[in-house]
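Enquirer: Just so you know, the protein sequences line up as chains A and B, in that order.
Using the working numbering, read the first sequence as starting at 380 and increasing by one per residue.
Using the working numbering, read the second sequence as starting at 24 and increasing by one per residue.
Note that these hints are calculated values from the structure, not bench results.
Hints may be right or wrong, so weigh each one.
Computed footprint of chain B on chain A; a stretch qualifies when at least three of its residues, placed anywhere within it, have a C-beta under 8 Å from a C-beta of chain B [as the list claims (entries may be wrong)]:
#	region
1	930-941
2	1042-1055
3	1220-1228
4	1288-1296
With a straight-line cut-off of 25 Å between C-alpha atoms, the simulated SDA-like cross-links for lysine to any residue are [to be verified]:
#	chain 1	residue 1	chain 2	residue 2
5	B	K291	A	L1112
6	A	K903	A	R1072
7	B	K245	A	D880
8	A	K938	A	S843
9	B	K291	A	N1115
10	B	K253	A	V888
11	A	K781	A	N863
12	A	K1014	A	N1067
13	B	K291	A	G1283
14	B	K280	A	E933
15	B	K245	A	S848
16	B	K290	A	A1008
17	B	K253	A	S883
18	A	K938	B	K77
19	B	K245	A	V1279
20	B	K308	B	E319
21	A	K602	A	K649
22	B	K291	A	D1074
23	A	K892	B	F300
24	B	K77	A	V1279
25	B	K290	A	H885
26	B	K245	A	S843
From the three backbone atoms N, C-alpha and C, an ideal C-beta is built for every residue, glycine too.
Below are the chains, spelled out letter by letter.
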Amino acid sequence: MKYCYLFLSGLSFFFYSTNVSAQKNSRKLVTGDFRNLTIDDFVKQLESQTDYQYYYSNKDFDSVSITLSVKDQPVDEVLALAFANTELYYAIDDEGHVFLTKGKLVKTALPEGLLTGIRSDTGKRRQVKGIDIVTGETANKPVIKSSLENKLYEIGDRNLPGTQENTILDGYLHDSKTGEPIVGASIYIEKLKRGTLTDQYGYYTISLPRGQHILSIQSVGIKDTRRQVILYSDGKMNIDVTAQVMTLKNVTMSAQKISNIRSAQMGMQKIDIKSIKQVPVAFGEADLLRVVLTLPGVKSVGEASTGLNVRGGSADQNLILFNDATIYNPAHFFGLFSAFNPEVVKDVDLYKSSIPARYGGRLSSVIDITSREGNKKKLAGSAGIGLLTSRVNLEGPLVKDKSSFVLGARTTYAKWLLNILPDQYKNSRASFNDFNLNINHEINKKNTLYLAAYMSNDRFNLNSDTFYSYGNRNISLKLKHVFNNKMNALLTAGYDRYQYDISSDHNPVNAYKLGFDINQTYLKAHVNYYPTLKHKLEFGLNSIFYKLHPGNYEPIGGKSLVSPDTVATEQALESALYLSDRYNISTDLSVEAGIRYSIFNYLGPQNINTYGAGIPRTEDNMLATVPYASGKFIKTYGGPEYRVSMRYAFSDSFSIKAGYNTQCQYIHSISNITSMAPTDIWKLSDPNIRPQRGDQVSLGLYKNFKANTIETSVEVYYKRIHDYLDYKSGAQLIMNDHLETDVMTTRGKAYGVEVMVKKLTGKLNGWVSYTWSRTLLQVDDPLAGEVINNGNYYPANYDKPHDFTFIGNYKVSHRFSISVNATYSTGRPITLPIGTYYYGGSMRTLYADRNAHRIPDYFRTDFSMNIDGNHRVHQVTHNSWTIGVYNLTGRKNPYSVYFVSEAGIINGYKLSIFGSAIPYINFNIRF
Amino acid sequence: MKKYFVGLLLILAGSCKEKYIPDFTTPETGYLVVEGVVNTGPDSTYIELSRTNKVGTIQKQYEPGASIQVEGNDNSIFPLTEISALSGRYAAPLNLNNTVQYRLRIKTQAGKEYLSDFAEVKITPPIDSISWQRENNGVQFYINTHDPQNKTLYYSWDYKETWEFHSAFRSFLKYVTNLGPYGIDAVGIEYKDPATILRDTLLYKCWRSFASDQLLIGSSAKLTQDLIYKPLLYIPVGDRKISVLYSVTLKQYALTKAGYEFLEKMKKNTEENGSIFDAQPSQLKGNIHCITNPAEPVIGYVNVSSVAEKRIFISNSQVPRWNFTTECEEVKVRNNPDSISDVFRSGSLPTDALELSGNSIIYFGVTTPACLDCTLSGTNVKPAFWP
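Turn these sequences into a full structure, and let the hints guide you.
Expert: Structure representation (structure tokens):
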């Protein structure tokens, strides 16, 4: 690569002079009698008579002497005469720049990518290194694509009067190869300490002062890149970026990391599918939720559950969004695997602390999963045979460069897996499949339409003749409309359904089928507005209409005597209005404040049980059942939810962030099972069951070292939960039309410290995190009629105080890398017997306090080696090997410890889901 | 972009469920455990008192010397007496009035007093039948019962199995022993009863019994009729239980809803935990309270009901291809003192003569005691109900 120096003496003029004369075009003619003028004097004369700017090198012209007499000649004629029969050349571009050179003509219309320039050693006015000037565009001109870092993009109309101090730059980031949008990429202006992220459509918008800026563009999975712009007025710039390809030389990462120091978000993590695929997992099936589980503050009760417990929240307190659709059960296969096809997923955002005001309805976290957009350039496909699933993916343009689709399907044949699982799974059967369809269509520059559909199905039986099946069904349609580059809006409508049924026909007399489903229809309107440089406003409206069929019990087969029973359908409307503003008070201080006002209406028709005031809610104390007519507003809950966060940067490498937010949740999952089961009951708040409320205050310190290549952070949080539902001893949860008698409200408190050291660049990269946290619950329901643990605080099922995770990747060479995970956590609490007794011909265990003991600590190490074939980009196939061992030490990590009465005596058991080291080999071919 | 993904996997899986006793200490709870049904019929009511114990204690700790009485809400009182001194089991035939509610009052030797809630009398319908059928390489027994008045709804059962079985070999011979220099030694063999050569049934024919140790409960509350069809027990093919004649007797009790839920919770806590999706253990609360110290937990639920009983028999001939076999072998031994001494000292027992020369035994058989002596695993006293 050759470096050229371009002498841009006039650049400073672009910066500081905003009042270029409007009569420029009329002042083109030159008159004068020039005798033995130096180039400087000659140019002065010309400048005084015309509006052109002149660029030249003193060195090249130091021996030039000009003698010329002209009258009302155009500049080009004057220059032609002056330079006739010399080695000197001139060039004039459209913008009125005149380039004077020696020996070589300047091309004023530069072909893209061609580096030309005029050598200059002494800059007369201002010298800028390594910059090409490229004709920019205004907001009205067609958008042209740019792909090079060392070009200067002029954006906006230079000739607009300089009344506008701030300009808005917007546009899309696309993958240069596939045309797919780059989601969540950060665009950052180091000097201003200001940045933005692309949204899920790859769209960004940022408010900047007029002038020259360097945009640093970074995202996981793309090459770090920069764009240099000169902003005159509002304008558009679409940026194509290249996906990260392994290079044969050491990758030198930019030191200008958009670090955790700068982002206003706190407690937010983004992982893209490439990182997800790097982490060794059981059986080598890339698993999104398993990787989320390695993040600090996220726990689960064990390997048999994908139920996430984020900062002390229960599994139902996570809003899991898959392209705007709410996924009620994100698990396949007894909860061992997550239900998201890794070939379709693009990335996942986890919000565990400051949850943006646009999200609501769950207490502890938002997990926002985005799927890929299809290849807009050509039809492509992939077919795969994995260890657990086989899958087909097809993607391609519907209208080239305008619309594309992705279709993905997976199915399992994992019968063999059951044989290596514990006895609990023997004689079990399981199968699952899932389907994805995403279509996006660019109607015009201002309107883009997105369609997303998802379906999952699971069917299994667990060592019995009872069959379980469950599935998600989701479809959404979304319109993105760009009003102007200060405002854009999203309008989404969709339908989500989660259903399960349980059936058993082994005993013909009792053969039954139990059905349950949740349906929600929703409408979301969201507006992003950038009124000024310092503000970013978001506001919108969400509305969800719920319809739950909490239980339909019916006979199957002619001999069945099961009497059909239906728990009354529940319906409700949850609406929310929100407004949030991110205000950059100064470059060091920014505040984001949001308010969300949510309202929940429990609607008829419904029969509501009433109970005597102040006495325990039991069946005996039930006074009456009051019927309500269809559409009647039976009960309304609502209130404001506050979302506040601030960031103060002490220096480029040290900042402090604080946040406070409150949440409200109107739909509850009630379970007496440790893990998140597919058959958990979901219940809407009603006159007898209040919504859950929670708030969290958090504080974080962020310090980067070694030119931002090592990020460290400490976050502290304290969280309160009110009216969380727990079950009473021996609760009947299924087919219960007075569920309020079997549950009680508890209050919870969760607090902890999360420490993280992260190194994302270099041969050795990865992160180490340590979390200390507690989650304690306490029954505070005066109407429960019973208390757990005498009304004292007791640890939640997922209370694991110490949690340590190491994720490391070492690139031995460009084609060989090693990944190691290690994770340690305190064993989860369990209820152990306090004694034994004899009853019914057998010795039995006696239980009292809940969760007073713990299972042994959890420790696991995984190891994998990635061996790539050669890296020639242009070859038919690319292959790679992954060899790994899950649970390298073979430690039998207990999932549970339990006692069971067998043949008259009590036996204690320890159950491990993966009781040994599990090696795996994957061979991948792409072409 | 096309992609192929081919995966291979090597599995070296080990056992994932293993016996495990966590290291934890439990308090000396010593809570009172009350088990038994107040039988309204002419048969005796049995109430058994015991105490909860520390985890790891095997011995059942009975509560002897208490005084127990059944009290009606018509102020009737029926005392129970301890079956034998310090046995912890108390009994009396009661013949109660179905229209009265009853409760149990217990005074322990230590002076503590316990009282149950009044419970209505539940009338247990008769058992329709115990049916059985060959399925899945075994015999599955079912409970069939119904209440034409649709009033029972909640049931519990217990059962007792009894089976006749025979030794693999008959025992006609016995050792002739004397006291030698190294202790007792066998010097010869002889017929146990040389006169008749009668078969010795004392070691050959035995009976064994087994009482249910799992809680057996059922409900028809979700059915259109009060009808129960429920698996009772399963005997795999080849099991010794049906090698000759097998019998099971089933007792049926009607429960209140709360009484049913108590047993259901106990069953979930103690028999049905351990699976991935099973409910967590929970506290067990019955209908008996300590009056002296209301905070003291009491284990048990007093049900007041009549009792229905049914017995069936199955003989080996009713289950063709039962394929009952034993591991027993007979070893042929020459009738001389050295050989006899050897087999005697090996612990084997003589069976029968295998080769005779006139009246004298040339060869005889020996086998292990378990193959010859059924009393090692049963009783040779024929039960009264046995045909």
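Enquirer: State for each hint whether it applies.
Expert: Tested hints:
no.: 1; hint: 930-941; verdict: holds (count 3)
no.: 2; hint: 1042-1055; verdict: holds (count 4)
no.: 3; hint: 1220-1228; verdict: holds (count 8)
no.: 4; hint: 1288-1296; verdict: holds (count 9)
no.: 5; hint: K291/B / L1112/A; verdict: holds, 14 Å
no.: 6; hint: K903/A / R1072/A; verdict: holds, 22 Å
no.: 7; hint: K245/B / D880/A; verdict: holds, 17 Å
no.: 8; hint: K938/A / S843/A; verdict: holds, 21 Å
no.: 9; hint: K291/B / N1115/A; verdict: holds, 19 Å
no.: 10; hint: K253/B / V888/A; verdict: holds, 9 Å
no.: 11; hint: K781/A / N863/A; verdict: holds, 20 Å
no.: 12; hint: K1014/A / N1067/A; verdict: holds, 10 Å
no.: 13; hint: K291/B / G1283/A; verdict: holds, 15 Å
no.: 14; hint: K280/B / E933/A; verdict: holds, 22 Å
no.: 15; hint: K245/B / S848/A; verdict: holds, 22 Å
no.: 16; hint: K290/B / A1008/A; verdict: violated, 42 Å
no.: 17; hint: K253/B / S883/A; verdict: holds, 14 Å
no.: 18; hint: K938/A / K77/B; verdict: violated, 48 Å
no.: 19; hint: K245/B / V1279/A; verdict: violated, 28 Å
no.: 20; hint: K308/B / E319/B; verdict: holds, 11 Å
no.: 21; hint: K602/A / K649/A; verdict: holds, 17 Å
no.: 22; hint: K291/B / D1074/A; verdict: violated, 36 Å
no.: 23; hint: K892/A / F300/B; verdict: holds, 19 Å
no.: 24; hint: K77/B / V1279/A; verdict: holds, 16 Å
no.: 25; hint: K290/B / H885/A; verdict: holds, 21 Å
no.: 26; hint: K245/B / S843/A; verdict: holds, 20 Å
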